[in-house]
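S.K.: Protein chains in written order, with full-length UniProt numbering: chain A, 1 to 302; chain B, 1 to 302.
Possibly wrong hints are sitting among the right ones.
Stretch-level coverage of chain B by chain A, calculated; a stretch enters the list once three of its residues show a Cβ under 8 Å from a Cβ in chain A [claimed, not checked]: (1) 123–129; (2) 154–161.
Rough simulated footprint, nothing fancy, chain A against chain B, three-plus residues with beta-carbon under 8 Å [claimed, not checked]: (3) 39–50; (4) 133–144; (5) 168–179.
FYI, nobody ran anything at the bench for these hints, they're computed from the structure.
Where is the CB? At the ideal position from N, CA and C, for every residue including glycine.
2 protein chains.
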Amino acid sequence: MTAPTGSPGLLKPALAAIQADIDASFDALLPLPGDPRDRLVQAMRYATIGGGKRLRPLLVTATAAMYGVDRQVAVRAGTALEAIHVYSLIHDDLPCMDNDDLRHGKPTVHKAFDDGTAVLAGDALHDFAFEILSDPAMSGDPFVRVELIRTLAVNSGTNGMAGGQMMDIVAETATFDLPTVTRLQQLKTGALLAAAVEMGAILGRLPPEGRTHLRGYARDIGLAFQIADDLLDAEGDEAAAGKALRKDAVAGKETFVSLLGVERAREQARILVDQAIAHLGSHGSEADLLRELARFIVERNH
Amino acid sequence: MTAPTGSPGLLKPALAAIQADIDASFDALLPLPGDPRDRLVQAMRYATIGGGKRLRPLLVTATAAMYGVDRQVAVRAGTALEAIHVYSLIHDDLPCMDNDDLRHGKPTVHKAFDDGTAVLAGDALHDFAFEILSDPAMSGDPFVRVELIRTLAVNSGTNGMAGGQMMDIVAETATFDLPTVTRLQQLKTGALLAAAVEMGAILGRLPPEGRTHLRGYARDIGLAFQIADDLLDAEGDEAAAGKALRKDAVAGKETFVSLLGVERAREQARILVDQAIAHLGSHGSEADLLRELARFIVERNH
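Just chain A, with the same shape it has in the complex (with noise of 0.2 Å):
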């Protein structure tokens, strides 16, 4: 093990490996059935392949890799959170909800097919999921199964994204405070990132309490993540997003970035990062790459 000097240019490539192995995985996983069931997987597939960073799964990969796990098989869980994700995109895109006629620069799926077909492609997503990790394929252990799913099912649900999503659209009507924002976006976004940590802890074998740093890490990178998003929200190019911008603002919706203002937006974000970064000082080069990406989460563009 070297000193965690960081090593610039991990990130790119990894980001190219995942997006492809995802992609793959997704093609592989999501085949047409050949009956009338097909409009449904076709608008699975238009969903899930070919689009998005695919960060959360990179999380998985990154932090298995660390504990020697086959990435093959950190894929397969990262492409199950990466479906939970998707769904919960799907879903929020919906005239009822955020109403997005845009996604990755291609129209949102029900733009592409229907309301409908959009609904229920999102709650198909959200079981395949858990089709893919209850799969004894995923692992031989059925423990490493029921807790890969115990963790995706809680942070996911009324607990975690569900019920930060729930949250959001009580802030229309309501001034939420930066405690109340905190944690808000803490359960939306921080959730699924935390998850996605976790994840790869579970798959390599780590015990509960071994977990401590990695879920301080998870935590301050997913408020930094947010921040960033408020800021790339507040100050960014809808084009290079491919979706719809400063739409919080019209909404009413309080961010950090109105809370705090952009210079303290950014500086808070920044301090995450190196306290996110500080959480792995007992790792080497191994956790360069979730050094690097980090890092990234604040100062993407997009």
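Fit chain B to the known structure of chain A by using the hints.
M.R.: Leaving out everything else, chain B in the frame of chain A:
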């Protein structure tokens, strides 16, 4: 063991007991968080507590009881299954799906709350099912937990309920023949009923090769159930049903009744029930509740 003479009178108290137990289970497992997520949990409670016949949980407990499974364990698994059933009803009732205003005689979730909350409440119930099945409180054996999860995920996704719902949407613009309508209904309705019996068998530690007769029973009552539903839709009373009827005819969808006619459909349902009961021939009186349930499925008036 006595001969399977049938013992009318088991079903009514069993239905009352499972309805009370499932209500109590949702009540205990869905506490209000006491923050802006309350609205989400209120919608989940509104949809799950105090409505429905609870046929699926009863199939779980009745099957599990044949193998000496503790009732509270079976009720917990039945609660997860019912959560999946209820989430599918919430999404199915949405304006972009079936657009129903009434369910179990009260306003549907999107009517009582709003469309966005209904989407999220369905999504959160979907997670809730996997949360409670993956909890160590479900079973000390991770293999039992993961088998329950796998059974539920496979039967609710593309190759189960969601696949059937997609076929149902396609049915509005296509003309399906009897084999295709049968396949549609096996997925849309039959899959979750099959999952109920399978989950009871998993809890009973019955090896897969010992479940063949139960799978035959489940397949036959699943189809009989849907034929009975089509008959009720064609001939039933909206007040007793607590929901809108004759929507299939209006939407131009083929059903067992439109394809077979009322008399042949009724005859087919009777044959299927007899067949279902014949699958239980190796059992004594411990299977009487499953036998009564099979008969009830075609004789119910809502």
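S.K.: Hint by hint, which ones does the structure fall short of?
M.R.: none
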